[in-house]
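Kindly generate the complete structure, drawing on both the sequences and the hints.
Chain residues, written in single-letter form:
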Amino acid sequence: MNTACPATPRILLRKTNLDKPLWEKLFMDIPYIVKPREDTGLYNAKVGIWLFLASEVMLFGALFSSYILLRVGAAAGTWPHGLLNVALGTINTLVLICSSVTVVMSWASLKLGNFGRYRIYQSITLLCALTFLGIKSVEYHDKFNHYEVIQTDGRIVDGHLVERTKDFDLAKKTGAVTLLGHFVEKTEAGAHEATAKHAEHSNITIPVAQIKKMENYGPWHSTYLAIYFTLTGLHALHVFAGAAVIFVIWGPLAGLWKTDPARYTNRIEISGLFWHFVDLVWIFLFPVLYLL
Amino acid sequence: MSLKAIHLVFITASTVLAFGFGFWEFKAYSAGGEKGDLILGVASLVTGASLIVYGKYFLKELKNIGYL
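Chain order of the listed sequences is A and B. For the first sequence, the working numbering gives the first residue as 1, with consecutive numbering after it. For the second sequence, the working numbering gives the first residue as 1, with consecutive numbering after it.
Simulated from the structure, these hints should not be mistaken for laboratory data. Hints may be right or wrong, so weigh each one.
Unchecked claim - Result set (DSS-like, lysine-lysine): computed pairs, CA atoms no more than 25 Å apart in a straight line:
#, chain 1, residue 1, chain 2, residue 2
1, A, K213, A, K172
2, A, K111, B, K56
3, B, K63, A, K111
4, A, K173, B, K4
5, B, K56, A, K35
Said to hold, decoys possible - Chain B side only, calculated, beta carbon under 10 Å to chain A, not exhaustive:
#, residue
6, S2
7, V16
8, W24
9, F58
10, I65
Just so it is clear, the structure is predicted and the values come from calculations on it, not from any experiment. All residues carry an ideal CB built from backbone N, CA and C; glycine is no exception.
What follows is the structure in structure tokens.
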């Protein structure tokens, strides 16, 4: 009598059949893990991922709504423009479009039984994910290194940090800071950004004694940057999570392809659905945050 | 909805974005006259056209796979 438990997941049976081996008396196959259910036309994991994606739509939908309400509610001319690097955002958009193509190609390769090609395509997907996160971290670093300094005489210096003297201390009012930037003529954000793009940038050294307020362009700087970091940070977390899932299926779980290729192909489809959702969110984020 | 269906939705959205961004860059070029805007605008329109060609190729290659 064969009492070995097969690899497929099992659930407890309420009624046992005495003619079947011991494990079959206790367990049964979970239905519809590979084949679609007759009435819905979907297998279990696909129903699960769509329910999950529905909750994700609500999460990002709420944040998008917050952005729209904050922007519409902002006083005229105060909403910042041109703070983000459009060229880097464009490259990241292209990277994510490429990654969605390779995800689909990898799935199609498995459908055709070509495991080698699947692995190549998913390697490119993982490279795209790392590139996206790398470029995003460059953008974040740029924002944290970008300062706005309000001087005691009312003038505003806007620029990137070059250096601080060793005795730099805002509380003790000692030392000096050098920024590569320009003087801002008006304090309104709109006028500020319009002048920033075409302003002559040079090294400006400011003694701490002349600094009234010094703040970098982190999430605490303005409402715009707060919602920018929230939306893009959450999206970057999703990119990281999606890449981690794709990597685990690509590497440690690849053995399933030999024992149950149909189920393995379904896993790729499920991870691909999540990846496309993440890419689709970016397709909306890019114009909203970078262009409009 | 299968991966094929959501991929088509994604490619359609990307194509719309590519053309929209292209026109946005042309508008920026006509206002500021910066060469970078012109290059990005042309690149976006080329990308949009490429995505349409790719979408047709994708539909042809995966015609045997369902949308559900």
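Violated constraints from the hint list, given by number and in increasing order:
4 and 5
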